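Just so you know, the sequence shown maps onto residues -4 to 115 in my numbering.
Possibly wrong hints are sitting among the right ones.
Calculated cross-link-like contacts (lysine to aspartate or glutamate; reagent style EDC-like; alpha-carbon spacing at most 16 Å) [claimed, not checked]: (1) 87 x 5; (2) 88 x 9; (3) -1 x 80; (4) 76 x 5; (5) 76 x 9; (6) 88 x 5; (7) 87 x 9.
What the hints contain is simulated information worked out from the structure, not anything from laboratory work. Note that the coordinates shown come from a computational prediction; the quantities given were computed from them, not determined experimentally.
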Amino acid sequence: MKTKSIRNSERLAEASRILGILSIGLAIMPFPISFLLLKFPGWNTDDGAFYSAGFLLAFIFFGSLIFGVPGGITALIALGKTMGEVGHNRVKKIATMGLILSGLGVSAVPLLLIYVRFFR
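Whole structure, please, built from the sequences with the hints as guidance.
Laid out in structure tokens, this is it:
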């Protein structure tokens, strides 16, 4: 029988994994949208359409920070609660996956900003 502490840790780990998946998804999503927008002729000649598309892509991209930071925090909390306990490898694996996915989603934002600033 699982104790209440383990169930709470498992819920935190699941939440961190879901937030990590959302974070990495929002970090990747602007690229296919921008390639899709490039296929339509004349969309970039209108200033309003150009700025609204850019704002939409930036909003989606920075949304990965909104989901990634809480995902990383909940993963660290879940890992901290289960580190001292033996035999709960499933919770540790889920929390580790959430931490990795959240970290990838969060690290994508500064890497792209550095690329745009210095290498373009």
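Hint check:
Restraint check: the Cα-Cα separation between residue 87 and residue 5 comes to about 9 Å, which is no more than 16 Å; the hinted pair holds. For the hint linking residue 88 to residue 9, the alpha-carbon distance of about 10 Å falls within 16 Å, and the restraint holds. A threshold of 16 Å between alpha carbons decides the hint, and for residue -1 with residue 80 the separation of about 13 Å falls inside it, so the pair holds. With a CA separation close to 10 Å, the supplied pair residue 76 and residue 5 stays within the 16 Å bound.
Only pairs whose Cα atoms come within 16 Å are accepted, and residue 76 paired with residue 9 is accepted, the gap being roughly 14 Å. For the hint linking residue 88 to residue 5, the alpha-carbon distance of about 10 Å falls within 16 Å, and the restraint holds. Proposed proximity of residue 87 and residue 9 is supported: the alpha carbons are some 10 Å apart, at most 16 Å.
Against the hints set out earlier in the document, no violation occurs for any number.
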